[in-house]
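Required output: the full structure, derived from the provided sequences and hints.
The lines below spell out each chain.
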Amino acid sequence: MKPYIRQMPAGWWLKRPSYLLFMLRELSSVFVGGYVVLFLMMIRRLAQGPAEYEAFMAALRSPLAILFHVVALAFALLHTITWFNLTPKAMAVWRGEERLPPAMMIVPNYVGWVVVSGVIAWVVLGG
Amino acid sequence: MANKTIRLEILRYDPEKDSAPHFQSYEAPYHEEWVVLDAINHIKDQIDGTLTYRWSCRMGVCGSCGMMINGTPKLSCSAFLRDYYPNPVRVEPLANFPILRDLVVQLDDFMHKLVSIQPWIVRKDGEKPVQEGEYLQTPAQHAKYKDFSMCINCMLCYAACPAYGLEPEFLGPAAIALAQRYNLDSRDEGRDSRQEVVSAHDGIWKCTFVGECSVVCPKHVDPAGAIQQAKLASTIDWYKSLLWPWGSK
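As given, the protein sequences belong to chains A and B, one line each in that order. Everything in the first sequence is counted per my numbering, starting at 1 for the first residue and increasing by one. Everything in the second sequence is counted per my numbering, starting at 1 for the first residue and increasing by one.
Just so you know, these hints were derived from the structure itself, not from any lab. Idealized CB from N, CA, C, for every residue including glycine. A few of these clues could be false.
Derived coverage of chain B by chain A (criterion: at least 3 residues anywhere in the stretch with Cβ under 8 angstroms from a Cβ of chain A; other residues may be distant) [unchecked claim]: (1) 75-84; (2) 99-107; (3) 160-168; (4) 223-229.
With a straight-line Cα cutoff of 27 angstroms, these simulated DSS-like cross-link-like pairs (lysine-lysine) come out [claimed, not checked]: (5) B:K146 with B:K206; (6) A:K89 with B:K17; (7) B:K240 with A:K89; (8) B:K124 with A:K89.
Okay, structure coming up:
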């Protein structure tokens with residue numbers, strides 16, 4: 001008896017669209033983390049004084065920095081949307097014999113996102 | 001009138017003759033109402049009696065005939081030829097399992113994992129005597145675990161799971177869904193005893209929530225949901241043990 005074991009190909013994640021989406025979702029956390037590092041650097045430069053801060057902001061206007069921001073934004077959106085939509089999977093809320101519709105758990109996330117973004121925008125834009 | 005045919009490309013493997021699996025093509029009759037299993041049965045009956053595969057109920061309840069059909073794990077009794085015709089259909093044994101012969105895979109790994117999660121009602125003080133009657137359960141209590149009880153052990157979820165493919169120590173979707181089926185059953189008191197296996201590093205925590213298991217499940221068990229719910233419950237347990245470690249078991 002010689003059972004044959006098939007190896008998973010290195011490009012397994014290219015075989016199905018859902019696998020590719022999964023890999024992109026996981027990759028998005030790298031860009032979210034990268035942006036957090038950038039943000040912390042900005043805070044530090046701010047603390048170091050106006051000259052350092054202005055130098056940092058000028059560096060952020062370079063084409064490479066702008067490209068990073070665009071890509072990071074796209075990945076951050078992917079990260080948020082995929083995880084918001086998966087919330088009902090982790091929480092089974094029951095009303096008698098029926099389960100709460102998934103939308104009732106997804107929508108509050110988006111509402112919260114808009115509200116918090118609105119508040120931050122109001123503060124930052126000097127409302 | 002020319003009879004319509006459809007080509008099936010089936011992965012063959014004879015452990016006594018072959019060093020590696022290879023495809024073999026067959027022309028099977030095409031009928032509007034036929035499924036892939038019908039075509040395979042015809043091939044075995046009329047064309048090549050050496051073709052080896054598992055099947056039983058041919059109606060999607062026994063879980064025997066799981067195969068990769070054009071790269072997707074499906075029950076061959078539930079995959080209609082008309083969905084592929086006139087293109088050829090590629091049939092391979094279920095992914096992520098060792099091939100024993102042709103389309104038959106070795107399922108021992110799952111069998112061990114299934115037993116390890118204690119797929120039965122566990123009572124802390126033993127079962128109550130028959131004279132005391134049955135354990136009562138409301139429809140609402142039943143609804144909580146009903147979907148997870150629909151598993152037919154067809155293993156399509158393991159074939160679809162890349163985490164299992166890359167790291168076969170992973171407990172896997174069906175085993176965890178079945179553990180949840182019992183954990184959520186109001187008659188069961190065995191959640192603590194299952195935690196050692198379920199909440200282990202090779203248990204729920206090896207799942208990265210690809211979600212493909214739930215997509216391919218023919219009985220809509222939603223093993224991905226079971227795993228994420230188990231993760232949430234285990235995490236809450238951990239915080240509880242941290243915040244009030246004196247809590248009784």
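Checked hints:
Only residues whose C-beta sits within less than 8 angstroms of a C-beta in chain A count toward coverage, and the stretch 75-84 of chain B has 0 of them, not enough to reach three; the restraint is violated. With a cut-off of 8 angstroms between beta carbons, the stretch 99-107 of chain B has 3 residues touching chain A; three or more are needed, and the interface restraint holds. Counting residues of the stretch 160-168 of chain B whose beta carbon lies closer than 8 angstroms to any beta carbon of chain A gives 3, which reaches the threshold of three, so the coverage claim holds. Beta-carbon proximity to chain A at under 8 angstroms applies to 4 residues in the stretch 223-229 of chain B; the threshold of 3 is reached and the given coverage holds.
For a cut-off of 27 angstroms, the pair hint linking B:K146 to B:K206 stands: about 25 angstroms separates their Cα positions. Restraint check for A:K89 and B:K17: the C-alpha separation of about 47 angstroms exceeds 27 angstroms, so the hint is violated. A threshold of 27 angstroms between alpha carbons decides the hint, and for B:K240 with A:K89 the separation of about 22 angstroms falls inside it, so the pair holds. Our distance criterion of 27 angstroms between C-alpha atoms is broken by B:K124 and A:K89, whose separation comes to about 30 angstroms.
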